[in-house]
Every structure is written in C-alpha cells, then in structure tokens.
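Colleague: Each chain, letter by letter, is given below.
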Amino acid sequence: MSTDTLRTAEVTVVRGPRLLSAIGGGPSLAAHRALHGSPGRTRLATLLADLERIDLRGRGGAGFPFARKLASTAQARGRATVVVNVSEGEPPSSKDAALATTAPHLILDGAMIAAEALKTRRIHLVVPDNERAVRDAMATAVAERAGERVSWAVHRADDVFVAGQASAVVELMSGRPNRPVTTWQPAAVRGYQGRPTLLSNAETYAQLALLTLHGPDAYVAHGTAAEPGTTLLTVHDGGGRRVVEVELASPWYDVLALEDLGRPVLLGGYHGTWAAAGELRALTVSRVGLAAAGLTLGAGVVLVPDCCPLTFASAVASYLAGESAGRCGPCFNGLPALAAALERVVAGRGGIAEAERLCALVERRGACAHPDGTARMVRSALERFPDEVDRHARGGCSYPRDGRGG
Amino acid sequence: MANGRLRVDWPVCRARGLCFELLPEAIELDEWGYPVVTGEITPELTGAARAAVRGCPRMALRLVQT
Ligand code: SF4
Ligand code: SF4
Chain A
1 MSTDTLRTAE
11 VTVVRGPRLL
21 SAIGGGPSLA
31 AHRALHGSPG
41 RTRLATLLAD
51 LERIDLRGRG
61 GAGFPFARKL
71 ASTAQARGRA
81 TVVVNVSEGE
91 PPSSKDAALA
101 TTAPHLILDG
111 AMIAAEALKT
121 RRIHLVVPDN
131 ERAVRDAMAT
141 AVAERAGERV
151 SWAVHRADDV
161 FVAGQASAVV
171 ELMSGRPNRP
181 VTTWQPAAVR
191 GYQGRPTLLS
201 NAETYAQLAL
211 LTLHGPDAYV
221 AHGTAAEPGT
231 TLLTVHDGGG
241 RRVVEVELAS
251 PWYDVLALED
261 LGRPVLLGGY
271 HGTWAAAGEL
281 RALTVSRVGL
291 AAAGLTLGAG
301 VVLVPDCCPL
311 TFASAVASYL
321 AGESAGRCGP
331 CFNGLPALAA
341 ALERVVAGRG
351 GIAEAERLCA
361 LVERRGACAH
371 PDGTARMVRS
381 ALERFPDEVD
391 RHARGGCSYP
401 RDGRGG
Chain B
1001 MANGRLRVDW
1011 PVCRARGLCF
1021 ELLPEAIELD
1031 EWGYPVVTGE
1041 ITPELTGAAR
1051 AAVRGCPRMA
1061 LRLVQT
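Going down the list, the sequences are from chains A and B. Heads up: the first sequence begins at 1 in this note's numbering, then just goes up one per residue. Heads up: the second sequence begins at 1001 in this note's numbering, then just goes up one per residue.
Next up, chain A with everything else stripped away, as it sits in the complex (with noise of 0.2 Å):
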C-alpha cells in the first residue's frame, strides 16, 4: 500500500488536500493533533460569521446552508444536542467511511467545536451497523477522547436506503425504529426529545473542524471565491470504487478519464440526475454550475455505468421502490408502479406517460425524500436520453448487454 492511497476490500482512498490529507499518518489522535493542532475556544457569532464566508453546506445531500441550520438550533427554545450522521444508507456512497477510517478525529472535532458554539456537552454518532470498519474506527476515536467533556452516545443504524433521513435518525436516537416519519417542524427547531437538534452529515462536521483549526483565510485558499473548499465524491468507474477529496470548481478532467467524460455520468447517487454523455465537459465539481444545468452533486455518488443508462436508471428504480420503507401510501404503491413504468419504457413497451405522471403523482408525498428523489433520477434519465428512449420503443438499445451495469 502506499502512502497516497488507502485500499480497503473494496474502496481505495485517494490522498487529498484536506480531509484526506491524514491518509500515511494513520487515524489516531496523536496523528490527528500533530497534523491539525487542538482547536481554540468557539464562539457562536464568530463561528457563523465564518461560516457565511465559505458557505459551508450540508454534504448529505440536500446542501443546506449549515449556518442557517447552526443559527436555527442556537435560537430554538431548550438545550440541544449535536448529531452526527456517519452512516450512508446509500449502497454507493463511501466518503463518510473513508472520513471515518481515514480520520475520525476531524469529524469529532467538528462535532466538538459545534457542541461548545451551542453550549452543550451531549454527541450522538450514528453509525453504519453493516459496516464494521466503520464503527470500531468511530469506537476507538472515542476511546481515545476519554478525558474529554462531553458524552458521546452511539447509535447504529440499519441498513436501509432511508435510514439516514432526518427524522428517522431521530427516530432511532428515541429507541424507535430507524425510519422516517412526519415532522411538523425541522430538527433543527424540535428533534430529539422536542428540543433543537444539529443534525448533519460527518463531511460537514469534518470540513467544520478545519474550518476551526486551521481558520478562514487557509479554507478559502481551495475552490473559488463563490465556492470554497473541497468535498468528497465516491467514484465508480471503470478503475472500480474510490473516495477523492477535489476543490470545488475543478473541471471533471480532474475527477473522470476522459473516455468516461464521454459517457453518461449519474451524478448525486440513486436520488441524483443524470448527465448526459459529454456534458460533463464543459461543467465543473461546482454545486452552482451544476444546478443551473440542471443537475446535483448530491452526497457527492459519481458513477459511470457500464451499461445502457436507461436500463441502469430502470434497475435502480426497482431498488429503489423495494427500499421505500412501506409507511406512506404514495411511496409504497407509487414507485413500484414507477419502476415498473419505466421497465416498461426499457423494454419498449410504452411507459412514457406513465412514468412522468407516477413522478408528479409521488413528490413530496412522503414522510421522507425518498419518493422526490427516485422521481428526480427516473426524470432525469428520460429528459436526458430522448435517443436511447426512442431506440428502445423500436426494440433496440444502443448498448452492448454485457455491461458491469445494475
């Protein structure tokens, strides 16, 4: 193994410039501390002035602003609790695996400086329960902190599609099962025991540490002015799964070969759109740039099928319908129907209409995102493959049928 990149069974971690830059001097909290130094006393107003300056989003996937969302739980009535989501109910995702094994201590620290801004001394991890290496990684980093004041409880969440939603993480944390419900206001306001909740992914909590220890002026020095810093991407390619840390705003060059630029990229993961073949040339790694073209970085999921991406976007459907967690009529009688719409549509069967109307029919008619999301894919790869739609509805497919694929 070299010191550049970390292979575990089946994900290589690539050295990065910032949350990846630990990898060689292994994930304990002598290295970390070597590397990063402690992190000062945190105020709350200096740390959202902060903040706002590198527009620090969520990187679970739905990039809220996490100044707003630190601001909201400083201000809700009652004492909070900070929670940190370091499981990936997402089969392609891995970033937060690689943070964890790779360097646990900037998540912790993260999570840390948030519980002093917020002046609470309570931390839930909630970790992958079908990933080992994960949580004896997260387990031995808060061995380490012993002496520290804060209690840390952890969580193990299933290993569901969902499971990762907010309101289900909550959920889990009250001793119920891991599964979304309805919330009638965010977290935020009212999550754990009715009083405000920081929840957030492990990346956030990650870039939020450097943020603190090493300062605004050495964050902004990666990325561009209107989009700061770096963030993690899981990519499949040919060369298989690997975790890269880029700068914001770097070319796709950088992250895909070019013969891959040349095909069509699912951007985001399962709940994200697809780019068309080449269109990823002329973009950048930049949450902006992308959404004006009308895709999303997601929780960072790059993945290049081997496949026709009709056929690929019409199993991942059918995943993700058998993944909806049964609760919610829409859901549960919704995207099978769509999946099986859009098998239809592969098949050349018709399934078209059907399939944009069930998309209409199912959002935001949910306890969770899950119903947007699969709708947001399905969309996305009947907009973006017109051709292959039409190849398909003559019986042809433009695609070899032995692809690595679904």
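These are calculated hints, taken from the structure and not from any lab test. By construction, the Cβ of each residue, glycine as well, lies at the ideal position given by its N, Cα and C atoms. Each hint should be verified, as a subset may be incorrect.
Residues on chain B that point at chain A, a partial pick, calculated with CB under 7 Å [what the hints assert, rightly or not]:
1) Asp1009
2) Trp1010
3) Pro1011
4) Ala1015
5) Phe1020
6) Trp1032
Some residues of chain B that are not near chain A, with every Cβ distance over 10 Å (derived) [to be verified]:
7) Glu1021
8) Gly1033
9) Thr1038
10) Thr1042
11) Thr1046
12) Arg1050
13) Arg1062
14) Thr1066
Here chain B is said to cover these stretches of chain A; the calculated rule only asks that three of the stretch's residues, wherever they fall, bring their Cβ under 8 Å from a Cβ of chain B [unchecked claim]:
15) 175–186
16) 324–335
17) 363–369
Got chain A sorted already, so can you dock chain B with the ligands onto it with the hints?
Modeller: Frame of chain A; chain B with the ligands shown alone:
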C-alpha cells in the same frame, strides 16, 4: 387572512378517503385512495378544511400556515 396548506401525515393515513368527501374543493384521491392536496386553503375554504381535519378517522391531516 393568509392562505393555509393541508399537510398529510403519510405514515398515518390509511386511504379511507373521508377527507375527500369533506373537502372535494381541495382534495382528490389517487388510484390507491390516498389524498392528493390540489390547492391552498383559502379563507373561504378554511371552515371545510377544519372539518376535514377533524373528520379524518386517523387524525392524519393538519392545516398549517404557509
Ligand atoms: S416516503 Fe417512502 S421511504 Fe419515506 S417514510 Fe414514507 S414510505 Fe418510507
Ligand atoms: S381521511 Fe385521513 S386517513 Fe382517510 S384518506 Fe384522508 S387523510 Fe388519509
């Protein structure tokens, strides 16, 4: 008075469809019998919307401010 919005507590709703009977002006049913909220609740509809909220046997409806 500002318009309100009907929200459905989806895991609780069991598609009995009573809300549609009480408030056809703002609720349709999908092919599985679950409500589709078709519009905002204007001040004129507020009374009927409250009746639908009270009438839902599962208490799955809420009228929230937009
Ligand atoms: S919307 Fe779907 S996935 Fe989300 S809670 Fe309801 S049934 Fe489960
Ligand atoms: S009356 Fe209540 S349970 Fe019945 S369909 Fe309407 S919201 Fe659902």
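Colleague: All hints, please: hold or fail.
Modeller: Going down the list of hints, with the structure as the test:
Nearest Cβ of chain A to the Cβ of B/Asp1009: about 4 Å, under the 7 Å cut. The hint holds. Interface hint status for B/Trp1010: upheld, as the beta-carbon distance to the closest one in chain A is roughly 3 Å, under 7 Å. Given the 7 Å rule on beta carbons, the hint for B/Pro1011 holds: about 4 Å separates it from the nearest Cβ of chain A. Given hint, B/Ala1015 at the interface with chain A, holds; its Cβ is 5 Å from that chain's nearest Cβ, closer than 7 Å.
Interface hint status for B/Phe1020: violated, as the beta-carbon distance to the closest one in chain A is roughly 14 Å, over 7 Å. Hint status for B/Trp1032: holds, given a least beta-carbon distance of 4 Å to chain A, under 7 Å. At roughly 17 Å from the closest C-beta of chain A, the C-beta of B/Glu1021 stays outside 10 Å, upholding its exclusion from the interface. Distance to chain A contradicts B/Gly1033 as a non-interface residue, since its nearest Cβ pair spans about 8 Å, not more than 10 Å.
Every C-beta of chain A lies more than 10 Å from that of B/Thr1038, the closest at about 12 Å, which supports listing it as non-interface. With a cut of 10 Å on Cβ distances, B/Thr1042 stays outside the contact zone with chain A, its closest approach being about 20 Å. No beta-carbon of chain A comes within 10 Å of the beta-carbon of B/Thr1046; the shortest separation is about 19 Å. The Cβ of B/Arg1050 sits about 17 Å from the closest Cβ of chain A, beyond the 10 Å cut-off, so the non-interface label holds.
Some Cβ of chain A comes within 10 Å of the Cβ of B/Arg1062; the nearest lies about 7 Å off, and the non-interface call is violated. Interface exclusion of B/Thr1066 from chain A stands, the closest Cβ pair being 14 Å apart, more than 10 Å. For the segment 175–186 of chain A, the assignment as covered by chain B holds, since 4 residues bring a beta-carbon within under 8 Å of that chain's beta-carbons and 3 suffice. Counting residues of the segment 324–335 of chain A whose beta-carbon sits less than 8 Å from any beta-carbon of chain B gives 7, enough to reach three: the coverage restraint holds.
Counting residues of the segment 363–369 of chain A whose C-beta sits closer than 8 Å to any C-beta of chain B gives 3, which meets the bar of three, so the coverage hint holds.
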